[in-house]
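Protein chains in written order, with the working numbering: chain A, 1 to 287; chain B, 288 to 569.
Treat the hints as calculated values from the structure; they're not laboratory data.
Among the hints, erroneous ones may be present.
[Stated by the list, open to error] Restraint ranges, calculated between C-beta atoms of paired labels, are given here:
| # | chain 1 | residue 1 | chain 2 | residue 2 | range |
| --- | --- | --- | --- | --- | --- |
| 1 | B | F377 | A | D48 | 35 to 41 Å |
| 2 | B | V505 | A | R9 | 50 to 56 Å |
| 3 | A | L47 | B | W311 | 48 to 54 Å |
| 4 | A | G28 | B | Q446 | 20 to 26 Å |
| 5 | B | C294 | A | K182 | 19 to 25 Å |
| 6 | B | P357 | A | L47 | 45 to 51 Å |
| 7 | B | G414 | A | A21 | 22 to 28 Å |
| 8 | B | S531 | A | F27 | 46 to 52 Å |
| 9 | B | H469 | A | F27 | 27 to 33 Å |
| 10 | B | Q446 | A | L86 | 57 to 63 Å |
| 11 | B | E321 | A | G136 | 29 to 35 Å |
| 12 | B | L530 | A | F27 | 44 to 50 Å |
| 13 | B | T507 | A | G136 | 34 to 40 Å |
Owing to the predicted nature of the structure, the values given are computational and were not obtained by experimental measurement.
Beta carbons: idealized from backbone N, C-alpha and C, even for Gly.
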Amino acid sequence: MRKKFSAKRLEELLFSVLMKASAVIVFGSLFVIIGTIIARGIGSMNLDMITKTPEGGYYLGKEGGVLNAIIGSFILTIAATVLALLISLPVVLYINIFKGKGSRLAVVIRMSLDFLWGIPSIVYGAFGFTIMMFFGITASLLAGIITVTLFILPIMARAMDEVISMVPHDLLEASYSLGATKYETAFKVATRQALSGIVSAALIAFGRGIGDAASVLFTAGFSDRIPLSLLQPAATLPLAIFFQLGTPFPEVQERAYASAFILTVLILIISILARFLTSRHKRNIIQ
Amino acid sequence: MFFVTVCCALLVLGMGLGLFIKAWPILAIKPLAEILFSEIWHPLKGEFGMFPFITGTLWVTGIAIIIATPISLLTAIYLSEYAPKRMLEFSRPFIDLLAGIPSVIYGVWGILIIVPLVKNHIAPLFGYISSGYSVLSAGIVLSIMIFPVIIHITVEVFQTVPRELREASLALGATRWQTVKHVLLRKALPGIAEANVLGFSRAFGETMAVLMVAGNMVKTPSSVFDAGYPLPALIANNYGEMLSIPLYDSALLLAALVLFIVVIFFNVLSRYILHRINLRIN
């Protein structure tokens with residue numbers, strides 16, 4: 001009896017230690033990753049990095065910065081986020097308000113979104129490439145925008161679906177009883193009620209879009225200049241990191257670390273902003 | 288709105304079909320088994336054996352799952368069962384952040400920390416010489432990338448296990464760990480399996496981080512310290528030259544199609560598991 005008791009305690013103690021160690025590994029790795037990128041990148045940061053485009057011989061270690069990639073990433077991802085919003089908002093409203101949460105169409109759409117969510121970004125890149133070839137366009141801002149839109153669409157729609165399906169049924173009934181149409185209820189009542197969630201869904205999708213390299217690798221191309229039209233290739237920040245790190249010159253690799261620092265800071269700002277907006281707007285919601 | 292909604296649902300089919308059409312030229316002239324199981328990769332000679340890449344992917348993903356499953360599971364148990372409720376809420380943003388870090392950043396970090404670690408410490412410990420760019424490094428980086436996926440779902444599954452079950456077990460004199468082992472884990476097993484399947488499919492298609500640390504040598508890895516060349520890295524690395532060699536683009540898009548099918552298969556599998564749980568609960 002006594003022996004069993006101690007074995008039981010020993011097991012409890014052992015797993016308690018293992019669990020704490022695992023939690024330390026998980027959260028520790030987050031801090032180590034962000035810490036490493038910041039510590040390594042901040043030393044190579046300078047004003048040129050964010051105010052200049054690559055000049056002649058940049059990839060050999062000469063003057064310049066990654067402004068082309070920063071601007072390219074922003075234009076591409078903002079356009080893709082807006083497009084994805086224009087597609088996913090009607091879809092999510094349609095399945096939740098027009099058809100009802102439990103309808104067969106809603107189930108099918110949720111399932112397809114889950115499938116799409118799971119498909120790796122490189123496959124989106126390859127698919128974007130086939131679309132590009134089909135329409136006969138080369139790697140360009142436009143092709144990149146289309147691919148990233150498709151890639152972030154399921155991420156945004158799923159996050160949005162979660163908040164819109166939480167809109168209380170009573171609120172919709174109240175709107176109908178005042179004589180509002182389904183259209184008005186969807187776009188004026190449900191959308192407003194879920195606004196903070198919609199904004200944070202868009203921000204999450206933006207964060208995923210701006211950080212993804214595999215989807216734009218074939219489609220957006222790369223260019224040392226800031227894109228001036230939709231048909232020009234555009235540089236993106238993740239690809240700039242990848243290419244600079246791939247050069248054999250230490251000076252250029254240093255710039256990859258600085259670019260990684262810029263991207264990490266952007267991602268941190270976006271996720272803090274998303275969280276802040278969500279908590280701030282929660283106060284104005286009719287419960 | 289109906290039209291847009293239906294288009295959204297058809298996108299999955301469209302993608303599958305688009306990739307299939309582009310992959311067809313190579314499928315039409317070579318048997319699928321030869322492409323998947325041949326070891327000879329010589330695009331210039333028209334040899335497209337994908338076996339080294341498939342084994343590379345399996346090695347990397349396998350290592351990632353072996354590392355990630357126990358650590359994520361123990362963390363999820365800790366957060367859900369042991370830690371104070373506040374800590375669970377407090378930890379959520381950090382888990383989301385871990386999921387939100389771009390894969391290229393994971394790649395940079397892998398090169399800075401994991402590759403030297405494998406090269407200077409882990410490989411010599413086992414008597415191997417390694418450049419550090421290996422399937423092990425890729426597996427370690429990938430495991431961190433799938434922590435949040437597994438933890439998030441597992442914690443959610445644990446929260447659905449009724450409180451009374453735990454209390455009944457504790458009232459019988461079981462310790463907390465015994466309760467976890469005999470009640471919680473048993474009850475949540477299908478959900479845990481689903482979480483790991485999703486983690487696996489996530490790791491399977493991950494590209495940039497793997498591309499940066501796996502070493503990319505066209506050879507079936509014989510140990511974890513060897514370089515590997517997973518399928519997504521193959522696609523990403525060769526996009527530049529694929530239009531200049533006949534059938535090359537077709538072969539690469541076939542690789543994308545393989546990824547697509549495997550990921551969809553795992554998604555269906557996890558859905559099936561979830562369906563089984565729902566049946567059991569009702």
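Numbered hints the structure breaks, given as an ascending list: 10
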